[in-house]
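Q: Taken in order, these protein sequences are the chains called A and B. Here the numbering used here = 1-based position in the first sequence + 1184. Here the numbering used here = 1-based position in the second sequence + 860.
These are computed hints drawn from the structure, not numbers from a lab. Don't be surprised by glycine CBs; every beta carbon is placed ideally from N, CA and C. A couple of the hints might just be wrong.
Taking CB as the label site, the calculated pair distances span [what the hints assert, rightly or not]:
(1) B/E1038 to A/E1324: 53 to 61 Å
(2) A/I1473 to B/K867: 32 to 40 Å
(3) B/E1073 to A/A1325: 36 to 44 Å
(4) A/I1473 to B/D866: 33 to 41 Å
(5) A/P1288 to B/Q1045: 37 to 45 Å
Lysine-lysine pairs mimicking DSS-like chemistry, simulated, CA-CA at most 27 Å apart [to be verified]:
(6) A/K1460 to A/K1478
(7) B/K1064 to B/K1014
(8) A/K1277 to B/K1116
(9) A/K1277 to B/K1122
(10) B/K1116 to A/K1304
(11) B/K915 to B/K867
(12) A/K1566 to B/K867
(13) B/K915 to B/K904
(14) A/K1309 to A/K1357
(15) A/K1478 to A/K1291
(16) B/K1121 to A/K1277
(17) B/K1066 to A/K1304
(18) B/K1082 to B/K1116
(19) B/K867 to A/K1559
(20) A/K1304 to B/K1122
(21) A/K1304 to B/K1064
(22) B/K1121 to A/K1304
(23) B/K1122 to B/K1064
(24) A/K1566 to B/K1064
(25) A/K1566 to B/K1122
(26) B/K936 to B/K915
(27) A/K1277 to A/K1304
What follows is the residue order along each chain.
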Amino acid sequence: MANTPPVIYLDNNATTKVDPAVLEAMLPYFGELYGNPSSMHSFGGQVGRTLADARQQVASLIGATSEEIIFTSCGTESDSTAILAALQAFPEKRHIVTTRVEHPAVKHLCEHLDRLTGHKHRVTKLPVDRDGLLDLEQYEAALNDDTAVVSVMWANNETGVIFPVEEMAKIAKNRGILFHTDAVQAVGKIPINMAVSAIDFLSISGHKLHAPKGVGALYVRKGAPFAPLIIGGHQEKGRRGGTENVTSVIGLGKACALAGARMEEENGRVRQLRDKLEEGLLSKIPNAILNGHKEQRLPNTTNISFEYVEGESILLHLDQHGICASSGSACTSGSLEPSHVLRAMGVPFTAAHGSVRLSLSVFNTEEEIDCVIDKMPGIIAKLREMSPFWRSSHQGSVGGANCPCECS
Amino acid sequence: MWEYTDKVREHFMNPRNVGEIPDADGIGEVGSLACGDALKLFIKLGPDGRIADAKFKTFGCASAIASSSALTEMIKGLTLEEAEKISNEDIAEELGGLPKEKMHCSVMGREALEAAIANYRGIPIPMAQGEVVCECFGVTDLEIRRAIHESKLKSVEEITNFTKAGGGCGRCHERLEEILREERQEIKEKPAAEPAKKLTNIQKIKMIEELFEREIRPALRKDGGDIELVDLDGDFVTVALRGACGTCKKANLTLKEYVEKKLREQVLDSLVVEEAH
Ligand SMILES: Cc1ncc(COP(=O)(O)O)c(C=O)c1O
Ligand code: FES
Chain A
1185 MANTPPVIYL DNNATTKVDP AVLEAMLPYF GELYGNPSSM HSFGGQVGRT
1235 LADARQQVAS LIGATSEEII FTSCGTESDS TAILAALQAF PEKRHIVTTR
1285 VEHPAVKHLC EHLDRLTGHK HRVTKLPVDR DGLLDLEQYE AALNDDTAVV
1335 SVMWANNETG VIFPVEEMAK IAKNRGILFH TDAVQAVGKI PINMAVSAID
1385 FLSISGHKLH APKGVGALYV RKGAPFAPLI IGGHQEKGRR GGTENVTSVI
1435 GLGKACALAG ARMEEENGRV RQLRDKLEEG LLSKIPNAIL NGHKEQRLPN
1485 TTNISFEYVE GESILLHLDQ HGICASSGSA CTSGSLEPSH VLRAMGVPFT
1535 AAHGSVRLSL SVFNTEEEID CVIDKMPGII AKLREMSPFW RSSHQGSVGG
1585 ANCPCECS
Chain B
861 MWEYTDKVRE HFMNPRNVGE IPDADGIGEV GSLACGDALK LFIKLGPDGR
911 IADAKFKTFG CASAIASSSA LTEMIKGLTL EEAEKISNED IAEELGGLPK
961 EKMHCSVMGR EALEAAIANY RGIPIPMAQG EVVCECFGVT DLEIRRAIHE
1011 SKLKSVEEIT NFTKAGGGCG RCHERLEEIL REERQEIKEK PAAEPAKKLT
1061 NIQKIKMIEE LFEREIRPAL RKDGGDIELV DLDGDFVTVA LRGACGTCKK
1111 ANLTLKEYVE KKLREQVLDS LVVEEAH
């Protein structure tokens, strides 16, 4: 096995460590307990019972009943399933309301609907303000008789900003519109209770809450219209064909049980660590800006822009110290433009390219946070020393280039 | 994560010649904060006319910083005529190669060098003289044409990797295609091959109208209805139902099951019919 050097893992919104207890719960099902949960014999049947337990564990974490939980292969599948099911429920309605800051799982799906369904759809992408918040009046005004479904994320993966989805779902329900929320970043980090909610569909992904990658779940409110995305056998009561990823589903169940038990720690100790980290960096480093509303936010996420330096360079320096983080800079977003979330928030270019997201989990310690607060100022100072814009009279476009930017 | 060579990593972690030369003979500035990378290059000539010192300041990713650092090392001791011959490929090679998506970093290095030399000579920057093709990143056709030739680029995607042109809003893609064809001299073969295949909008509209007149209107009129073509957008046909059809509850069924089916059979099987609101 590869000898992995110790890392300070602060990229938990990208993925999380599989909890040792989750791994332990899964192991037997990789080995001797290989039966098919749908089989008639008791060898398979015992697996079926564990699967039922896992379903109950997932349901409990979000205040749902186990019939309302469908296991899927990932958060993305849950998002696609929900939105396409909602559209099929109202085939004559061709309007969708979503936001400008959704994860590609929702964003790109909405952009491809015309080709997928053969119908032309109108997609309203609600804007956000400088803090990353939505305007509810604008939301209400966007709904109309042609609106089939609203899809709004519960919490943003880049900034951690939380949207008032409960309230938004009630507004939609009053107008007979279905409501989906991508809660991939919210589940396990903040309390969720579907028993008192108007939300129709809610997406969950395993690997964001210490279960393995490649497993997810979709909550479908009892009575909500549904159409499967993957059609095949009678698994999941015909709502998702294909033999279940038994081991991972069992891991997801265990992870949900653990997340429920750790909700207080997440919102207590983890939040305090995050706040310490954030305050430490903002106070020690000049020209550092917090991205996202300070209060309406997940307890584990902070997104900070360091002006006049570029994100990938920061990440590679952090990497030298074994610190794992991510950035919304162009170079790391896999395109030539910085993150669509930061751009939607109107973060100026001076800052968007130098954004760093640090996302914690219950596995982080105070020593790790102290280490980052210790290392970061030197890294930023070194990169700024190299930057033509730092302490320069022209902090934007430099002459000679044809770039028409208006950065200031 | 990008796969950087050890040399890129080494230049990035320990960049050579960072800083400014207060009494530089030539200064070259390219890029901007908005674009995500920028480089300011300073050169100082010795009494023998050779580059005695070179320094840089760079805002950008690891490969931008490494390219700048390598460039300053490469040009020291060269005459301007020798330095002018350094291509972006030379810079990339010096670094043991760059990921293809990062080739524009080496292009930026070379352009900063050209700008610094032009600045010393008191002439305009050659590459800035062309037509600005990509507004998002301020890239001229001259830069694009040179990259196509020197690096033997074959697609818009490659142009984007090398010059960044086309990596933003995408509005310039058509023009990039055109330049690519021009440079690769495919422009002559093109017009002959295409027109036969695709229906133009005008042709589509004509065929749709003919079908409406011939079959669909007579059928609808029997029930006191009528239909009108409102708009055509690619494969999306927008129509308005009139008369009895306009108020009929089964109108949508008529559109999809009857009108769309007919259009697909007789005009183009990718057409989608929508009702105007
Ligand atoms: C908000 C959000 N939605 C959806 C996803 C996709 O989840 P998965 O990787 O399980 O498909 C992610 C993960 O990156 C996410 O952060
Ligand atoms: S103009 Fe070229 S990408 Fe926008």
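Q: Does each hint hold? Answer for all of them.
A: Each hint tested on the structure:
The hint said 53 to 61 Å for the Cβ distance between B/E1038 and A/E1324, and at roughly 46 Å that hint is violated. For A/I1473 paired with B/K867, a C-beta distance near 34 Å keeps the hint of 32 to 40 Å intact. At roughly 42 Å, the beta-carbon separation of B/E1073 and A/A1325 lies within the given 36 to 44 Å, and the hint holds. Against the hinted window of 33 to 41 Å, the Cβ-Cβ separation of A/I1473 and B/D866 comes to about 34 Å, which satisfies the hint.
For A/P1288 and B/Q1045, the hinted distance range of 37 to 45 Å is satisfied, since their beta carbons lie about 39 Å from each other. For the hint linking A/K1460 to A/K1478, the alpha-carbon distance of about 13 Å falls within 27 Å, and the restraint holds. A C-alpha spacing of about 33 Å is found between B/K1064 and B/K1014, which places the hinted pair above 27 Å, so the restraint is violated. Distance check on the hinted pair: A/K1277 and B/K1116 sit about 14 Å apart at the alpha-carbon level, within 27 Å; holds.
The straight-line distance between the Cα atoms of A/K1277 and B/K1122 is roughly 23 Å, inside the 27 Å bound, and the hint therefore holds. Simply put, B/K1116 and A/K1304 have alpha-carbon atoms about 13 Å apart, close enough for the 27 Å limit, and the pair holds. Proposed proximity of B/K915 and B/K867 is supported: the alpha carbons are some 19 Å apart, at most 27 Å. For a cut-off of 27 Å, the pair hint linking A/K1566 to B/K867 stands: about 19 Å separates their Cα positions.
A distance of roughly 9 Å separates the Cα atoms of B/K915 and B/K904; the hinted pair therefore holds under the 27 Å criterion. The straight-line distance between the Cα atoms of A/K1309 and A/K1357 is roughly 19 Å, inside the 27 Å bound, and the hint therefore holds. Of the pairs offered as hints, the one joining A/K1478 and A/K1291 holds, with about 25 Å between alpha carbons and a cut-off of 27 Å not exceeded. With a C-alpha separation of about 20 Å, the suggested pairing of B/K1121 with A/K1277 holds against the 27 Å cut-off.
Straight-line distance between C-alpha atoms of B/K1066 and A/K1304 comes to about 22 Å, which keeps the hinted pair within the 27 Å bound. A threshold of 27 Å between alpha carbons decides the hint, and for B/K1082 with B/K1116 the separation of about 19 Å falls inside it, so the pair holds. Restraint check for B/K867 and A/K1559: satisfied, since their Cα atoms lie roughly 24 Å apart, inside the 27 Å limit. Only pairs whose Cα atoms come within 27 Å are accepted, and A/K1304 paired with B/K1122 is accepted, the gap being roughly 19 Å.
Taken as a hint, the A/K1304 and B/K1064 pair is honoured in the structure, with Cα atoms around 18 Å apart against an allowance of 27 Å. Restraint check for B/K1121 and A/K1304: satisfied, since their Cα atoms lie roughly 17 Å apart, inside the 27 Å limit. Using a Cα cut-off of 27 Å, the hinted pair B/K1122 and B/K1064 holds, with the two alpha carbons roughly 14 Å apart. The hinted pair formed by A/K1566 and B/K1064 fails the criterion: a straight-line CA distance of about 62 Å is larger than 27 Å.
Distance restraint check for A/K1566 and B/K1122: the Cα-Cα separation of roughly 68 Å exceeds the 27 Å cut-off, and the hinted pair is therefore not satisfied. About 10 Å separates the Cα atoms of B/K936 and B/K915, which keeps this hinted pair within 27 Å; it holds. Between the alpha carbons of A/K1277 and A/K1304 the distance comes to roughly 10 Å, so the proposed pair stays at or under 27 Å and holds.
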